[in-house]
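S.K.: Each chain, written out:
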Amino acid sequence: MRDDFTNDTIAAIITAPGIGAMGALRLSGPAAFVAAARVFRSKRGRLMEELGDYSLTYGGIYAGDCFLDQALLLKMKGPHSFTGEDVAELQCHGGPVVLGRLIETLTSWPDLPIRPAQPGEFSQRAFLNGKMDLSQAEAVMELVSASNQKAAGLAAEQIEGALSRRISQIKSRLLNLLASIEVDVDFPDEGLGDREGAKGWSRQLRQILNDTAELLAAANLGKIYREGLRIVFYGRPNAGKSSLLNGILQEPRAIVTPEPGTTRDTLEERILLKGIPLVLTDTAGIRETGSQAEKAGVDRARQMALKADLVLYIVDMQEGITAEDSDLLAELDKARTLIVFNKMDLIEEDENGTMTAEAMKEAGFEDWQCCRLSALDPRSLEILAKHIKSFFVTGRHYRQSQEILLNRRQEEALLKAKTALEAALAVLEKGWPEDMAAIDLKQAWSALGELTGETVQPALVEEIFSRFCLGK
Amino acid sequence: MTFYAGEYDCIVVGAGHAGCEGALAAARLGLNTLMLTISRDQIALMPCNPSIGGPAKGTIVREIDALGGEMAINADATALQAKVLNTGKGPAVYGLRVQSDRYAYQRRMIRVLDSQPGLLVRQNMVVALLLDENRRLVGVETETGLRYKGKTVIICTGTYLNSRIIRGLSNVPGSPVGQTAAWGLSESLADHGFAIRRFKTGTPPRIHKRSIDFSKMSLQPGDAEPQHFSFAATGETRRPLPDLPCYLTYSNQHTHEVIKENLEKSLFYTGELEGNGPRYCPSIENKVVRFHDKDRHQLFVEPEGLDSQEYYFQGFSSALPEDVQERFLQTVAGMEKAEVLRSGYAIEYDAIDSQVLTHSLESKEVPGLFFAGQINGTSGYEEAAAQGLIAGINATLKIQGREPFVLTRAQAYIGVLIDDLVMKGITEPYRMLTSAAEYRLLLRQDNADLRLTALGYELGLISEERYRACEEKRASIEEGKKILGSLTLSPKDPLLIALMEEKGSAMPLHGITLLELLRRPEISYKDLKRFTGMPAYLPEVEEQIEIQVRYQGYIEKQEAQVRQFNQLEKKRLPQDVDYEELKGLSLEAREKLNRLKPYSLGQASRITGVTPADINVLLLFLEHRKGLKGGGPE
Ligand SMILES: Nc1nc2c(ncn2[C@@H]2O[C@H](COP(=O)(O)OP(=O)(O)OP(=O)(O)O)[C@@H](O)[C@H]2O)c(=O)[nH]1
Ligand SMILES: [Mg+2]
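In order, the protein sequences belong to chains R and L.
Counting from 2, one number per residue, gives the positions in the first sequence under my numbering.
Counting from 1001, one number per residue, gives the positions in the second sequence under my numbering.
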């Protein structure tokens, strides 16, 4: 047995399961071309050896003599391929049945052993062959599972190394600071350390902390692209929350009745609005109630509102902003709230929106963001969409152009780094021994290294690759 | 048949700081030991600064002591003054440093060696290493033609091998004591396949006391309550010190100008000589060139001995010609009339590549042959002594057919030092720094005894009495912490209120234990003595309680890091792998891994040139191999 562990050839379907427009299967390893030749026949009868090293060829795929489907063969010679090995990809119209037959055939030859790929094994090989670093490998996974274009774009940027670059900027600052402390510790006689001592160090450290916090904030935006903007419909009973949800979804998803207290539990729906992925949550109207079930629903609604990226606070304009509305609004974060005046069709409002403006002023919310609409009017959808988008793009929390896509593991590592940096700052500011700060700083350093794979953690690498969906 | 003048279990070549520890350890562990030295007058010589310790180095000295070595006791017994450096920067980086009476240091060490049963210290220069036709170790041959058989040989030749002294444009054979260098042995080692490389270091001028105007310098006395290196409290180690002071002065613009004008008079600046010099102990001309924006450098004036008129000028090491040295020397405040007794010089010497050694400091190619000290590329007395001790211990274990004694990076600075030497490899003289120790808060100078005494006892180098004392100390510390945790003070306690006011400490709102109080940086163990029920212990026990309680949070952080470190350390790398076959590894990593054959992933990760990405590849490789062995998918 050779120790070379990427010596065998593997195969797997690389398109998502289900009936798509196209299916694809990838072979990687030394026997990739030989195996492909056994199932693929070029339309013009050309042999595998005759095809270019990087070529696309039209033909058909067969299981033995049985024709399965028309197909394209993509041939890529190692080391300039995705995995760094010889790679053959077969693309066909075929659904799961055809691809299933194909895999079965490929793995059935005793004289040419081909093995089904483990989850993540293609990327693992790419990584092992020096084709990408850890954060890049992870980004491949994000790219594959990206639910929208923006997220896909961010993942693609990360494969290019955008995250690694930002992290290494922070790391080089951190290294400077650490070196300055270490010199002071190791060469007390030389007087080479930072002449300002702890004060200068604190200043440098605050800068590093800022950068880290900014990266985390940028990551937040990236997260919204990946996981969706969490919008919660919130307000008093009968305000029209469910009606508005149905309006946006353009289907009667939630039950609507003229009776207050219709919605009891939260209801979640996903939708892509102008390219922004949204997670919409309808909630029970908030009121004092004797019903156990409704009470539980009200509690849940409150919690959802606190966790939301954006709260749509629906006001029934027939009643205006009531005292209960004021109380509820006061609990919310202004920057993450949009007041929606609903049922505007039922009242007389002038073009300047004097009435609603008056109501906001009276209740003390005049500088909050708001909009006026009627849930029953399809044009309302446009108005709301515009507001959501502008909130998303110009929202105070999020600055565009610095978006970074972090997965949970990476976010945790970054948080860990931030916590350690904060601890170090506290040490320096309290006048504690600098060596303690050095311990925290080194911890931050290694947490940042975890992001890019420079800090080695045995369990980590395996885990990352096993999380890839099959074949990627 | 060749005549052999004698047959020994262990032959130690060289009587510097490495040789002394190596020979003593071997003889004390029962080996019939011969030590060969060029000159019996130069045993345990301090050819450079007359001081021992400092950050990291001081910790090494205490580790040597806890393992039963001699350096700490010898330094305590001959100290002129003692000072703890870095106080206030954290207990991990405190460094005790003593100024030594270098003559007394030598005299005492010679006495200890000569009175050691089983050890013979003989003057004779070794010129050849003898191996048989199968490259098995036979012994050594001396300049006078005597041949000695040795089951083990420890080479500790310091800076003497083919050494050359460089001053200005002169470059002549010579050693730190002016005699000729040791010749022959380097060539013999090279003949046997050991790659030889050149390292360099330097030393400053020594000045006559009567010519120094101390009034222009600032006085640097030792600590009022001097500490000691050795954990053994004897009359020798706890003697009152004469407290001979040092002095501090500075170089100035004028000094730097004279140096800059004369740079071309140094072989190192004409480009003729390179020599890998220690970055951490540069010559004054290097400092002036590298830190050209600094307008002055700190310089210390240190006594060399009670009976000596010589003062050592620390920070002023130079390889410029003697006349230039004198000219810029006299620009320094207090040195205007300086009379030079010995001028500064650079020294170039042969060293081996330490990566040919195992963690027990034994040659991978020639079993039984050990190397220790500056020949392995380190600088400093302390680093040398530590290696000598480890080599002496392992020579013994080798003969006894026992497992080698290897300290890990999480156990001792000595472990860090040797691991760096044999795994990382070095390209310039290696000085022990606290920053090299990842877990330095655990490897403190104050707890070296608690870490290592039991190991020294098991080896047979620590007496029953010292071992007992150490275990009692450990028990007292635990007991003390328990008692402190059980004593609760009421926030109304007038004594507590008074203490909080005195120390500007926040008044606790609820009852508070003495343990919690001690966590506050402004509160010391001594402050707590006013409360009833407070136990009284030996000062070193109280010191331990204070450190362990105060830094508990950080100590725990480091312990967690050690657990993580051990994860990689425990991943064994098979010895039969051809790393050339692992295409995912970088070229450099494949070459180095094949050459060094690390035993664990942890070791591999510390090889220079092996990147984290390479380690990830190895990790996956191990997983994969495990899968195959376990009958996984083929
Ligand atoms: N005329 C008019 N009626 C509306 C509008 N929005 C909602 N309604 C009506 O108001 C009533 C309550 O609407 P829902 O959407 O169930 O209100 P809700 O906020 O979900 O109420 P709960 O689930 O009880 O908290 C229904 O009869 C809707 O038809 C609107 O814009 N104009
Ligand atoms: Mg509803």
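Incorrect hints may have been included.
[Unchecked claim] For the chain L half of the interface with chain R, some residues (derived, Cβ under 8 Å), not all of them: (1) 1055; (2) 1086; (3) 1298; (4) 1530; (5) 1531; (6) 1532; (7) 1536; (8) 1558.
If you are wondering where the hints come from, they were derived from the structure by calculation, not from laboratory data.
Heads up, the beta-carbon is just placed ideally off N, CA and C, and yes, glycines get one too.
S.K.: Please write out, lowest number first, the hints stated earlier that are contradicted by the structure.
M.R.: Numbers 4, 5, 6 and 7 - these are the hints that the structure violates, sorted from lowest upward.
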